[in-house]
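Undergrad: Sequence:
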Amino acid sequence: MKLRNMTERITFYSVQMGINPETHRPIKDQKVKEFTVWAEVPKLSVREFVQNSSNVGFRKESPTFLIAFKTLKEIQSNWLINWRGKWYEITGMDPDYAKRDLTKITAQEVIQNGSDR
Numbered sequence: 001m002k003l004r005n006m007t008e009r010i011t012f013y014s015v016q017m018g019i020n021p022e023t024h025r026p027i028k029d030q031k032v033k034e035f036t037v038w039a040e041v042p043k044l045s046v047r048e049f050v051q052n053s054s055n056v057g058f059r060k061e062s063p064t065f066l067i068a069f070k071t072l073k074e075i076q077s078n079w080l081i082n083w084r085g086k087w088y089e090i091t092g093m094d095p096d097y098a099k100r101d102l103t104k105i106t107a108q109e110v111i112q113n114g115s116d117r
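Heads up: the sequence shown begins at 1 in our numbering, then just goes up one per residue.
A hint or two may mislead.
[Unchecked claim] Simulated crosslink set (DSBU-like; lysine-lysine; CA at most 35 Å straight-line):
id, residue 1, residue 2
1, Lys43, Lys70
2, Lys33, Lys86
3, Lys104, Lys73
[Said to hold, decoys possible] Label pairs and their in silico Cβ distance ranges:
id, residue 1, residue 2, range
4, Pro42, Trp87, 16 to 24 Å
5, Ile19, Asp101, 21 to 29 Å
6, Ser77, Pro26, 17 to 25 Å
FYI, nobody ran anything at the bench for these hints, they're computed from the structure. We put the beta carbon where it would ideally sit given N, CA and C, even for glycine.
Between the sequences and the hints, there should be enough to build the whole structure, so can you do that?
TA: What follows is the structure in structure tokens.
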């Protein structure tokens, strides 16, 4: 694992029920910050780019994050990731149990009300 490649900060959030302190009514989707880690966002190889050239879209809509294997808490698949001011839902996790050095996380950008596009 090369730590010098981990140049991006990503924050994991869980989504829980909460209570609005002003109205004392339940809030359905309250984001609770779990922890922040350094991550590497690897570039797309030429082979992958050519193979997926028929899929129109930007890499930032579905990034892959590489983080250290050991984290403060076990990452849950229903958590959200905040990276560069955008929200992403976790679509896949692949911990390297053999070497125990990296965890690969694939994500998809969350579209708020369809008005971002």
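Undergrad: Hints first: check each against the structure and report whether it holds.
TA: Consistency of the hints with the structure:
no.: 1; hint: Lys43 - Lys70; in the structure: holds, 23 Å
no.: 2; hint: Lys33 - Lys86; in the structure: holds, 15 Å
no.: 3; hint: Lys104 - Lys73; in the structure: holds, 16 Å
no.: 4; hint: Pro42 - Trp87: 16 to 24 Å; in the structure: holds, 21 Å
no.: 5; hint: Ile19 - Asp101: 21 to 29 Å; in the structure: violated, 41 Å
no.: 6; hint: Ser77 - Pro26: 17 to 25 Å; in the structure: holds, 24 Å
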